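Asker: Dock chain B with the ligands against the given chain A, drawing on the hints supplied.
One letter stands for each residue in the lines below.
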Amino acid sequence: MVGMPLYRDEAIVLRTHKLGEADRIVTVLSRNRGKLRVVGKGVRRTKSRFGARLEPAMRVDLQCYEGRSLDTVTQAETIDPWGDAIARDYDLYTAGSAMLETADRLTEEHEPATQHYLLLAGALRSLAQRDHDPGVLLDAYLTRALAIAGWAPSFHDCAMCGAEGPHRAFHIPSGGVVCSSCRLPGAAAPHPDVLRHLAALLTGDWAIADATQPRHCREAAGLVAAYLQWHLERGVRSLRLVDRTGTAG
Amino acid sequence: MYEGVVQDLIDELGRLPGVGPKSAQRLAFHLLQADAADVERLTAAITEVKAKVRFCEICGNVAEGQTCRICNDPRRDGSAICVVEEPKDVVAVERTREFRGRYHVLGGAISPLDGIGPDSLRFTELMSRLASGEVREVIIATDPNLEGEATAAYLARLLRSFEDVKVTRLASGLPVGGDLEYADEVTLGRAFEGRKTLT
Ligand SMILES: [Zn+2]
Ligand SMILES: [Zn+2]
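Taken in sequence, the protein lines are chains A and B. Going by the working numbering, 103 is the number at position 101 of the first sequence; the sequence numbering is gapless. Going by the working numbering, 155 is the number at position 142 of the second sequence; the sequence numbering is gapless.
Chain A extracted, bound-state conformation:
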């Protein structure tokens, strides 16, 4: 290891893959270096020092040395064990998995993505603390992650011509709500409270979001999922397992 370039960064574990007998490839989103794939040596063995720390949804202070193809973890200290709380509750687990998968899909290896990192950290913290309904927290995360990716949907002014809202029609390929002159066939006409809820998720207005009726939360969740599918060529698999029947306003 002498002479190998070392680096240190804060990172959130997105997912892990088994490698060989007892190692894992760990995909993390780091604060400064973007997404990284690093090797945790021996972490599946009983006496591993970092096994528990390199689990999904954990935030760690990570030290690695650069390898030819993959970097190797030399130290990992827990900063926030969000994964512990998330694993103990199935609703938190499915919502958290969808967040981690989306973060993985929206970021590229070695391309700094600090905004995505901070958004994910905030979302996982709120989820682990159950600050709000898990489904609503997930939709807030997804809406904002799409905005960071440059696909901010419009929930008030017309996404095509900018005409001041509110407008009734919502059309995913057009980028959100559209006015009556820009409206294309196939546009949805969600309840006004659904659009108000979505706008509140995007800006973080929790007083409004927490008061939305469950059926409007569910309708909003459907629009967010459809919007996400539209922008990511393959869908986000984990979304299928998020149970929306319990979504409370």
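Hints in this document: simulated from the structure, not taken from any laboratory. Where hints are given, some of them may not hold.
[As the list claims (entries may be wrong)] Sample of chain A residues facing chain B (criterion: CB under 10 Å; computed from the structure): (1) R17; (2) E103; (3) L186; (4) R242; (5) R246.
If you're wondering where the values come from, they're calculated on a predicted model, not measured in any experiment. All C-beta atoms in this analysis are idealised placements derived from N, C-alpha and C, irrespective of residue type, glycine included.
Answerer: Just chain B with the ligands, lined up with the frame of chain A:
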């Protein structure tokens, strides 16, 4: 890249779990140089295992008939079921000699990132086994990692409707993040003794 059949063998070996391209190449050349009789024994064993071994209709463990050795054994205690992810975890728990009940193999853990939801695992079969009323305790022995813990949480919620079934989870000593199969007998045995009730 190698010529046709050699490369085919390397590709096939490389699809096995834990075998990277380099190991696949090493294994392929080992087989090329090995005695024909040795290789025949290996291929026969593989063919035979696929032909004879199935999964137990009751518990999902590997079995040579319709049901496995443990489900067939009348000395095993039918009032306790230990739920594990894979057949290899049955072997790990058996090694401890702490448990005399029966098993239920889920076939994995719930992993949304891999597209594995509750429907892909053998939860329904477990519910039907509990409906018989014989079972008094379900011991959840899924892996002590994120997926295993979440699967345990899901199962505990599912089992709430069976009021007279005690639901326990293997306790202390098991390394978080590890695989159950790597836990030594003493540690796993202790985790069994110290299992705690889930509410
Ligand atoms: Zn317009
Ligand atoms: Zn059986």
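Asker: Next step is simple, just say for each hint if it's right about the structure.
Answerer: Against the structure, the hints:
no.	hint	in the structure
1	R17	holds, 5 Å
2	E103	holds, 5 Å
3	L186	violated, 33 Å
4	R242	holds, 7 Å
5	R246	violated, 14 Å
Hint compliance for this structure: hints 3 and 5 are not met, and every other hint is.
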